[in-house]
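Engineer: Just so you know, the protein sequences line up as chains V and F, in that order. In terms of UniProt numbering, the first sequence is residues 1 to 427. In terms of UniProt numbering, the second sequence is residues 1 to 489.
These aren't lab readings, by the way, just hints derived from the structure by calculation. Keep in mind the model is a prediction, meaning the values are calculated, not measured. We treat Cβ as the ideally placed atom computed from N, Cα and C, and that holds for glycine. Treat each hint with caution, since some may be false.
[Said to hold, decoys possible] What the simulated footprint calls covered on chain V by chain F, stretch by stretch (three residues with Cβ under 8 Å from a Cβ of chain F suffice, anywhere in the stretch; the number is not a length):
no. : segment
1   : 38 to 48
2   : 91 to 102
3   : 341 to 355
4   : 361 to 367
[Stated by the list, open to error] The list that follows gives simulated cross-link-like pairs (lysine to aspartate or glutamate, EDC-like), each with its CA atoms no further than 20 Å apart:
no. : chain 1 : residue 1 : chain 2 : residue 2
5   : F       : 445       : V       : 182
6   : V       : 215       : V       : 151
7   : F       : 87        : F       : 170
8   : F       : 445       : V       : 187
9   : F       : 149       : V       : 97
10  : V       : 177       : F       : 406
[Stated by the list, open to error] What follows is a set of in silico ranges between Cβ atoms, one per label pair, in the way DEER data are often shown:
no. : chain 1 : residue 1 : chain 2 : residue 2 : range
11  : F       : 23        : V       : 243       : 54 to 64 Å
12  : F       : 83        : V       : 243       : 42 to 52 Å
13  : V       : 187       : F       : 211       : 55 to 65 Å
14  : F       : 335       : V       : 239       : 52 to 62 Å
15  : F       : 199       : V       : 197       : 42 to 52 Å
16  : V       : 156       : F       : 217       : 30 to 40 Å
17  : V       : 197       : F       : 123       : 44 to 54 Å
18  : F       : 336       : V       : 87        : 35 to 45 Å
19  : V       : 89        : F       : 178       : 19 to 29 Å
20  : V       : 181       : F       : 478       : 23 to 33 Å
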Amino acid sequence: MTAKDLSGKLAILADAAKYDASCASSGSRRESRGGLGSTEGMGICHSYTPDGRCVSLLKILLTNYCVFDCQYCVNRISSDTPRARFSVNEVVRLTMDFYRRNYIEGLFLSSGIIQSSDYTMEQMLDVARTLRERESFRGYIHLKTIPGASDDLIQQAGTYADRLSVNIELPTEADLKRLAPEKKRPELEQSMNRIKVKRDEHVRDQKAGFKHAGKFVPAGQSTQMIVGATDTSDRQILDTSSHLYQTHAMRRVYYSAFSPIPHADSRLPGKSPPLVREHRLYQADWLIRFYGFDAEELTTAESANLDLQMDPKLAWALRHRDRFPVDINRADREMLLRVPGIGSRGVKRILQTRRHHNIRDEDLAAMGIVYKKARPFLITADRNSGPLSLDSPFLRSQLRPSQRQLRLFDDDPSADDGTTSRLEVLP
Amino acid sequence: MTASEELMSVGATHFDDWRNTARRLVTIGSHPSTVRWIDQRGDDASKQKDLFGNVAGPDVGRSLPASDAPDSLPSLRVPGKFIQWAKTIASHSDPGRWELLYRLLWRMTGGERHLLQIASDPDVRRAAQMHSAVRRDAHKTKAFVRFRKTIDDVGELFVAWHRPDHYSLDLTADFFARRFDVMRWTIMTPRQSVYWDNQTLHFGDGSPRSDAPDHDQLEELWKTYYAHIFNPARIKLDAMRAEMPKKHWPTMPETSLIDDMLRDAPQRVRQMVRHQEGGPTAKSFLPTSDRTLASLCNAALVCESCELHRDASRVVFGRGPADAKLVIVGEQPGDMEDRSGEPFVGPAGQLLRRTMADVGLDATQVYITNAVKHFKFKLQGKRRLHVKPSSREIAACRPWLEAELDAIRPAMILCLGATAASVIKGPNFRITRQRGEVDKCDHAKWAMATYHPSALLRVPDEHARARMMAMFTEDLRRTAEHHRILNQS
Ligand code: SF4
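Throw the hints in and build the complete structure from the sequences for me.
Structural biologist: Have a look at this one:
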């Protein structure tokens, strides 16, 4: 294998992986002594590409040959994209070499299905095992399980990987049926559930002090959902993710705006990916996980999609004007979390500061609150705008950020689960 | 001016000496306005001038009284958070940091115990800014350091040159030692450097970039990866620049590609979108309306969705009643079928029809078709030898079979062989293990797979053939039985 061949394969097999949204490398700890690498809870983004996404892991496919024919996927059998396949050793060598130069946090390996699901899963397992056992690699490993692979193989994979993912692919069973007829929702969920059960078992054993318990996907499992390939509403999407978080203890649900892919089926939209919608879904997801919102609260039965013009918290507040303004010096934590323009760190600062003195208008900016956004919803020690301004018909347009601002993402590192914070954090 | 208000100059290099000095100053009651802190670590610490134009140093102004024994000093109680902040802020490059830290300490020990919780206080704000600036700088150091492999007399040595804004190696060296435990490495920055020899960290002075190697063989591969993991359909430059400030670009090999990637992006997206029209499957040949068997059969005559149409003589479409309750699916037509245009008329077809008659399945009531509609072969002399269709061809042809099944809506499907079974029952179907299992599938409530009759004809061993034949007959008998029950109800 010459360097040039390797580089050609890398080009093809990285290209094929670029549609996958998941990249985080957080939530795992591994002893580093005596081997190469460490995972220390928070992942590190080692670079960023012009699409604003971070490069944290070597994200590649073992092969992009695939016997399946999922219509949204560039690797499906009926696509005539150029094909390549890495050997187990090539992946191991690339990972180790990149890691030594501090380019990456580890490996995220996925694959098209060759021969059979089990055969493919075995190859992936082999990569992970070789990295851990032969190379004493202590960095992060994320394996994407192969749909239909046997339970036993997935369980073995979990002992080497920090994270496993089973992609839900599309938001509803009907969507799957239409675009990925070979993938069955109950089967996908069964795999997720088995990972959860196994992981619970390990955590219990470890707590009970069984030394042999070892590790089983210490960083949990995640999943990815493609949005915008079908006309399924945000309401249904959020419903599905809530279900996934609750039932299978997902650490993350990744939303991936459907990108046009070469040679796609004509049933699919041939346009730019709906990035703003994807961003709104991340924001809504965040509100559900960390701000105490219910999935149903964020959309309504009449308008089942999130507002593209404004973030979901602001949209919610405007639909519930009767609950505002709230007194920043008196309101409880839950209510403060619902005020537009205040993030979870802002709430923490408010609760601390107000124990010592009353919060005035001029203090807001210093506490990391987006003044313009939060102002109409708040009563401070020196300002009580009363319900009046909330009734103003201009409020909506006043608060709506300009299109340009939509592209800028507010940062709140406390809410960071590792890597893609820019794309999903909400003040 | 009383003695204690007279201006006093003190110096600090690291957190520890600041702490010792600050503790003594608080103890003797020196108000912050009377203390001038000299940053002895700064690039030009030696050149700093005081208000009177003198070169500053600990000896300018009144100096701090000789130290008491440390344990004779009363201990100062401050929140743990302050210590943690002060340690971090000590690595900031702003020479004013020592003064700020002392002012905070003075205020906290002088009655404002909860000072740090008042986020709106100007001193606290400045400290919070410095704290997060250093933390961010340290985080970016962990992320953006790029090692290059060199060889020295001991062996492999990994060398990086990085330009942080602050003294970030103070806070990151341990991290690199943990992570790259088994390597020897050194990180150089303009202000300081650190070397790990596999055992211990050695801190040293800053180095110019020219001290570090300027290339690593692996960088080309890394750049290849970087260029290809980027999706040109989703450009978000602001997000990228916010996370990867331009000042770091010169030391990160991959960033040299960004301009080209951006320039090519619109074109690549246009190409992606353009390619979306029409796929290489038979879908584009299906009639848009009127999908009866007759019109499907007609439309298939001109199908060119895969290469097979070129060498085969004709399309062999399915045959049978449009209201059949049972559809039998084989793999693809053979030589005889290709000549006659009818499915299952060759030797395998004859075996199938004979067995059907034996178990009482009336062939005129059954719709018989194949997963692939054209004959695939290789020439050996004058003989045309059957070749298994590729997965790509099976996928291309699949819309025809699906359209047939949609038109008929059978209650039962019998698959002959692995190819048919994988199309109907999914790619993970294994004929050896799952033969004879009855299941439902997307197109029928009852679906079973058995051996392909041509496989039976090819088994050389007589006993094995008899065994397989028995299983085949049994599967057909069960099919016939179920078919009979359906017809009665
Ligand atoms: S084998 Fe099928 S897809 Fe290929 S040309 Fe023939 S009918 Fe069309």
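Engineer: Look at the Cβ atoms of residue 156 of chain V and residue 217 of chain F and judge whether their distance stays inside 30 to 40 Å.
Structural biologist: Holds: the Cβ-Cβ distance is about 35 Å, inside 30 to 40 Å.
Engineer: Holds or violated: are the alpha carbons of residue 87 of chain F and residue 170 of chain F at most 20 Å from each other?
Structural biologist: Between residue 87 of chain F and residue 170 of chain F the Cα gap is close to 10 Å, so the pair holds against 20 Å.
Engineer: Kindly confirm whether 19 to 29 Å is satisfied by the beta carbon distance between residue 89 of chain V and residue 178 of chain F.
Structural biologist: About 27 Å separates the Cβ atoms of residue 89 of chain V and residue 178 of chain F, which means 19 to 29 Å holds.
Engineer: Does the hinted range 23 to 33 Å hold for residue 181 of chain V and residue 478 of chain F at CB?
Structural biologist: At roughly 27 Å between Cβ atoms, residue 478 of chain F and residue 181 of chain V fall inside 23 to 33 Å, so the hint holds.
Engineer: Given the hint of 54 to 64 Å, check if residue 23 of chain F and residue 243 of chain V actually sit that far apart at their C-beta atoms.
Structural biologist: For residue 23 of chain F and residue 243 of chain V the Cβ distance comes to about 57 Å; the hint holds.
Engineer: Does the hinted range 44 to 54 Å hold for residue 197 of chain V and residue 123 of chain F at CB?
Structural biologist: Distance hint for residue 197 of chain V, residue 123 of chain F holds at roughly 53 Å.
Engineer: Taking only the CA atoms, is the gap from residue 445 of chain F to residue 187 of chain V under or equal to 20 Å?
Structural biologist: 19 Å, holds
Engineer: Apply the coverage criterion to the segment 341 to 355 of chain V and chain F: a residue qualifies when its Cβ sits closer than 8 Å to a Cβ of the chain, and three qualifying residues are needed.
Structural biologist: holds (count 4)
Engineer: The segment 91 to 102 of chain V covered by chain F? Criterion: 3 or more residues, Cβ-Cβ distance below 8 Å.
Structural biologist: Satisfied; 6 residues make the cut.
Engineer: Honestly, do residue 336 of chain F and residue 87 of chain V meet the 35 to 45 Å range at C-beta?
Structural biologist: Holds - the Cβ-Cβ distance for residue 336 of chain F and residue 87 of chain V, about 43 Å, lies within 35 to 45 Å.
Engineer: Are the Cα positions of residue 445 of chain F and residue 182 of chain V separated by 20 Å at most?
Structural biologist: 17 Å, holds
Engineer: Return holds or violated for the Cβ distance of residue 83 of chain F and residue 243 of chain V against the range 42 to 52 Å.
Structural biologist: The hinted range 42 to 52 Å holds for residue 83 of chain F and residue 243 of chain V, with Cβ atoms some 45 Å apart.
When held up to the earlier numbered hints, the structure conflicts with none and fits them all.
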